[in-house]
Structures are given as structure tokens and as C-alpha cells.
Amino acid sequence: MIERTVTVVPEDGLHARPASQVVEAANSYDSSVTVGPAGGDSVDASSMLGVTSLGVGSGDAVDLTADGPDEQAALDELETILTTPES
Amino acid sequence: MLGNPHKTRTIAGISATPLSGLGTVRWYRSGEQPDPAEISAADPETEQQRFDDAQAAAREELETERESTRERVGSEEAAVFDAHLQFLTDPQLTDPIEAAIADGAAAELAVDEAFGDAISQFEGMDGMMAERADDLRDIRDRLLRLLSGGERTDLTDLPEGTVLLAERLTPSDTAQLDPDTIAGFVTMTGGRTSHVSIFARSLGIPAIVGAGEELREVREATTVAIDADREVVVANPDAAVREQVTVGRDVTVQEERVETRDGTEIEVAANIGTAAELDGAVDQGADGVGLFRTEFLFLDRETPPSEDEQFESYVDALDAFPEGRVVVRTLDIGGDKPIPYLDLPEEENPFLGSRGIRRSLGADSELFETQLRALLRAAAAGEGTLSVMFPLVSTLDELTAALEAVDRVASDLDNEGIDYAKPELGVMIETPAAVMMAEEFAERVDFLSIGTNDLAQYVMAADRENEAVAELHDPQQPAVLRAINRAVEAAHAHDAWIGMCGEMAGDPELTELLVGLGLDELSMSAVTIPAVKANITEIERSTAVDRRDRALTKNTKSMVNETGNQ
Numbered sequence: 001m002i003e004r005t006v007t008v009v010p011e012d013g014l015h016a017r018p019a020s021q022v023v024e025a026a027n028s029y030d031s032s033v034t035v036g037p038a039g040g041d042s043v044d045a046s047s048m049l050g051v052t053s054l055g056v057g058s059g060d061a062v063d064l065t066a067d068g069p070d071e072q073a074a075l076d077e078l079e080t081i082l083t084t085p086e087s
Numbered sequence: 001m002l003g004n005p006h007k008t009r010t011i012a013g014i015s016a017t018p019l020s021g022l023g024t025v026r027w028y029r030s031g032e033q034p035d036p037a038e039i040s041a042a043d044p045e046t047e048q049q050r051f052d053d054a055q056a057a058a059r060e061e062l063e064t065e066r067e068s069t070r071e072r073v074g075s076e077e078a079a080v081f082d083a084h085l086q087f088l089t090d091p092q093l094t095d096p097i098e099a100a101i102a103d104g105a106a107a108e109l110a111v112d113e114a115f116g117d118a119i120s121q122f123e124g125m126d127g128m129m130a131e132r133a134d135d136l137r138d139i140r141d142r143l144l145r146l147l148s149g150g151e152r153t154d155l156t157d158l159p160e161g162t163v164l165l166a167e168r169l170t171p172s173d174t175a176q177l178d179p180d181t182i183a184g185f186v187t188m189t190g191g192r193t194s195h196v197s198i199f200a201r202s203l204g205i206p207a208i209v210g211a212g213e214e215l216r217e218v219r220e221a222t223t224v225a226i227d228a229d230r231e232v233v234v235a236n237p238d239a240a241v242r243e244q245v246t247v248g249r250d251v252t253v254q255e256e257r258v259e260t261r262d263g264t265e266i267e268v269a270a271n272i273g274t275a276a277e278l279d280g281a282v283d284q285g286a287d288g289v290g291l292f293r294t295e296f297l298f299l300d301r302e303t304p305p306s307e308d309e310q311f312e313s314y315v316d317a318l319d320a321f322p323e324g325r326v327v328v329r330t331l332d333i334g335g336d337k338p339i340p341y342l343d344l345p346e347e348e349n350p351f352l353g354s355r356g357i358r359r360s361l362g363a364d365s366e367l368f369e370t371q372l373r374a375l376l377r378a379a380a381a382g383e384g385t386l387s388v389m390f391p392l393v394s395t396l397d398e399l400t401a402a403l404e405a406v407d408r409v410a411s412d413l414d415n416e417g418i419d420y421a422k423p424e425l426g427v428m429i430e431t432p433a434a435v436m437m438a439e440e441f442a443e444r445v446d447f448l449s450i451g452t453n454d455l456a457q458y459v460m461a462a463d464r465e466n467e468a469v470a471e472l473h474d475p476q477q478p479a480v481l482r483a484i485n486r487a488v489e490a491a492h493a494h495d496a497w498i499g500m501c502g503e504m505a506g507d508p509e510l511t512e513l514l515v516g517l518g519l520d521e522l523s524m525s526a527v528t529i530p531a532v533k534a535n536i537t538e539i540e541r542s543t544a545v546d547r548r549d550r551a552l553t554k555n556t557k558s559m560v561n562e563t564g565n566q
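Here the protein sequences come in this chain order: H and L.
With our numbering applied, the first sequence corresponds to residues 1 to 87, in that order.
With our numbering applied, the second sequence corresponds to residues 1 to 566, in that order.
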């Protein structure tokens, strides 16, 4: 399992499009991926309900974990989504 | 049978047609969902399959909506459908649904409870979290609708003697009804000029609309009577009521043309939407067709009707009235009617948007040209006289462009050596602008036709479908009456004939006033033709003109209405 902490850049935080992108990405890897506020409880990143219920806003720090064969790639993609401003 | 099956219950509504009927209740569950808690579950395997099917169908709908939103609005807005798709398959929702189903719950209840729990998590939170609750409600309702959809009544094949009860019926619902087998329908919503009422009149189906919430108390399979005279629906009617609604109120059909007692001939024609309604129009003694709403040729299909297909329909109508006239309205379509092959924009207010002639001269100019080709060919091939009119004209430029389009099509057909004839051409008077420009229009065309439903709607700024403003939406409002009078005078000043094809034309109580106003033709739902023809033969034109003069001096609707009692 690998772990990483990133600061959420998109204006909407973990809602709307960024949330959709996180869920879509998490579902596309074999590894199990979690997301949660830094130091807090994490949820399954492949659940839209879980991700949006976190109430994470722009500028908040989140902990990401991934565990599985493609954990490195999974975390890289999630980090990209969470640190790229919305166009 | 549930509840108290023998209790007689009388519910007031609005008679959409002058027809009464008696039959057996069949509820149409389209817009409303049954209470999920009251649905009995089949075995878990079946319920799971039902949920899987509903989920798959929801996915398909959402993907379609996402694509059309992406094309028309933008990819950012379309992203909400991505979120919905993810909620739809979210294990945090589907796991409890599947667990509940395995425990013996019906799919509806499982969906309702799982979403209910999730919604309550988000409810009461602010901003973006509250929006998630709305998203979840949307998805839940979609699934519940699809779950009940499998049991939706097929309206094309109802048993003989069915009285269909519904919260609301859309025009395409109503169009499916077979007047030969259905005994009638009753809706909770709607008014006399709603599309559903117009369809009922066109099809000759007994119908009560606007019956309200109380209608829900009437159970499936109850015997009900529709009493058009009392404007009520009666559940479990007694013998007296049964007899009243089943004894035919004979109105003699007059096939010949009629005139007033002092010899003014008034043409009485039928409004139709499809060629299927031609027989009914002939049976009721129509002199011709005063409004052929061609948009129904274009609805409920994947591609537009071809020139030849349209040609056939128009010729059929002309052949049905070899001695008469058939007035065809060119395509009148806007954002309120979904047509898959047209790129109809979503508009804030489709009734004030791009519709009627505006689209025909713009986005739909090719369709318009095809329709004109079919019409000009039909004018030469059919037996009766063809007249063509343009809807929602509000400027002279629009009329000029439409007339030029006809000339262009005529010269094309000429060059191609195809047989054609120029029909009579006319303009619909539906907007205040058209009333103000009626003189200029009448100079350039053969006839005008007043669409009173739209004219009242636009003059009074009162939505014809909105019961709350039904008082305003009334052709007896002095403002509407004066607009009609102005249009008639403009037409006659320029030797154009003028007809009326709104619901007002078919109201037997107003026939005298309309004759007094000087209308040359009245076009209405076929079922009201015998009553109106009978009235005309009893009217003295001079008396009618007096009534018009009195009505035009009145300042309020009620005073106008009273002129009918003097």
C-alpha cells in the first residue's frame, strides 16, 4: 500500500466534475483506492456517494491511499486530477 | 376490489367534449409513482432482475441525455450526468438495495429506502452537499419510474369500454387512444383548451379534465359514468345516471351546407390532426377541413415524413371532401414538442420562441420546402380545393418570405415538369402583431384564419394550459373579442375570406356572436359540428349583428357573456 497527501486545487473541491473524475479514475484501476481529509477517516474512492459525502473543498489537504498491482499509477492519476485547476 | 366498492361518488371537472359515456376504470400510471411500500415483492431473483433492468435503462437514458446536453449546452453542464451515472452504480447504494431485495423487499422499496438513507445524509447541509441530495432524488425517481414503466398500460390496446383515469395525459398518450373502443377518459389536470381536451374532441372521446385530486379515490375496475352535461364523473353510478349517459342525445347530422335563416352561408369545417380523423369529420357532416395540423405527421418518428408520404396524406384529405375545401397549416413546431430528428433548442419560453413560421423560414427551411412541394403537388392531384396557411406570422417580412418560398417551389416543380397547382394561401391570426397587421396581410393573401386559443393566450398573456389564469384565457374577454373583430374587418376590406379554427368556433353558445362578427367559416372538433350547424340555421343574421354590436361595447367578460341571454 502506498500513501500520499495532496492539496485539492479545483475550485469545486471534491464535488461535481472533480468528484466524478476521481470516482471514474478509482474505478479504472485494480487497486483499491481511498480518499479522506488529511488525518481523518477515509472512504472508498470508487464510490460517488462516499467521495461527495466528505465535503472536501478547494485548498483542503486530503490523504490518498492505494493498495494493489497498479497502486503507483492509480495514485499518480488521482494526484493529477486533484492538483489540476478546472479549465 | 379495494375500499368501499359500492359507494357512489360524484367528482366535478370540465367537459372536454359534449359526449357522455359509461365504462370500467383503468388507471394510467405514467407521471405518478405508486407508493413503494405498497408494492408486493415477487421472489428475490425476479426483483433483482427488475432492478438490474431498471438500472440498465436508467443508464441508457442518462447517457443519451448526457450526449444531447453536451451537444446543445456544453460539456461542463453534461458532467452532472456523469455524476448521476456514478451514483447509479455506486456500491454504497447498490449494496443495500441488493441486500434488501435478498431479504424479500420489492425493488421499488429497496431503491426508495437506500436512496432515502443517502438523501437524509446530505439533506440539511448547505451548498454543494444539498445539491447532492437533489441529484439522488432525481436518480431515485428515475429508477422508480422505470420500475413502474414495465407495467405501464399500453394505450393502443385497451379493452372495449375502458374509461382511462390519469393524473395527466400527454398529446402522444391521447393520440394512441382508439375512439372505437375507449369509453372515455378522466384526468386530474387540464382545462378546456388543453391539448388533451383538443385531442379528445378531435377523436370524439367522452372526457372530463381537471377533476382534481379527488379522482385518486376512484379505484381500478370501478364502473364510472362521464356526464358531459353536468361536467362530472360518477363512480358507481345508479341506474338513473347510467341511463342518462348512455341514452344518445340525438343531434341530426346535416351533410349539406347550412345558411342562416336570412340566407348567409357559413362554412362549417373540421379541425383534424391525422388522416385517421377524416372519416369522423365526414360522418359529422363537415363541409371540409378548416385546420389540418400537419405536425402530427412529424411527431413520434425517427425521421421526417418524405415528400411522397406527405403528398399521400394531403391527397387523402382532399379526396375526402371532393366538393369542399381543406385548409392545411404548415408545420407549427417549437421547443415544447420533442422531435428527435430536429435540433430543437431548449428555450426558456418555447411559446414565445422559435416556432411556427419562424422555424420554417429558419432552421427548418428544408422541411418547409419539402412540405410545400408535397402540398403544391397535392393541390393538382386531390379532388377538393386546397388552401395553405402559415402559423404564427407576426411580420410582413415573414409573410413575404413564405409567399416567396411558395413561388420558388412552384417554379422548381415547373422546371422539373412535375404536375402542381397553386393553392389558396392564407395567414393565421394568432398574435396581437398579426391583428395589428391584418390589413397588410389580407391584401396579399386569399384568406385569414383566427386561431382563438393562441390569440387569447397571446393577447391576454395567459398560458392556455394554466388553470390559474383560465379566467383570462377566454375568447369572450373584450380585448380578445375586439381583436377578432378587427381581423374580420381587415379581411373583408381586402376581399379576403376569414375563418376561425380555435375552440371558440365550436362552442354552440357563441355561434350567433361569431355569425354576427362576420366570420365566413367556422372550423372545430368534428363532434361539435352537428350542434353548430343546427344553430346556424336558426340564426337571423341581423339579430346576430346586433349581438355583436352590443358585445363589442361591453367592457368586461361577464357583460359580453350576458349579451347571449338577451
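Source of the hints: derived by calculation from the structure; they are not laboratory data.
Treat the hints with care, since some could be wrong.
[Claimed, not checked] Among the chain L residues that face chain H by a calculated CB cut under 10 Å, a handful are: (1) Trp27; (2) Ala79; (3) Asp82; (4) Ala83; (5) Leu85; (6) Glu123; (7) Arg132; (8) Asp238; (9) Ala239; (10) Val241; (11) Gln244; (12) Thr246; (13) Leu413; (14) Asn415; (15) Ile418.
Heads up, the beta-carbon is just placed ideally off N, CA and C, and yes, glycines get one too.
Going through the hints against the structure:
no.: 1; hint: Trp27; result: 35 Å, violated
no.: 2; hint: Ala79; result: 4 Å, holds
no.: 3; hint: Asp82; result: 4 Å, holds
no.: 4; hint: Ala83; result: 5 Å, holds
no.: 5; hint: Leu85; result: 9 Å, holds
no.: 6; hint: Glu123; result: 12 Å, violated
no.: 7; hint: Arg132; result: 5 Å, holds
no.: 8; hint: Asp238; result: 56 Å, violated
no.: 9; hint: Ala239; result: 59 Å, violated
no.: 10; hint: Val241; result: 55 Å, violated
no.: 11; hint: Gln244; result: 58 Å, violated
no.: 12; hint: Thr246; result: 57 Å, violated
no.: 13; hint: Leu413; result: 52 Å, violated
no.: 14; hint: Asn415; result: 53 Å, violated
no.: 15; hint: Ile418; result: 54 Å, violated
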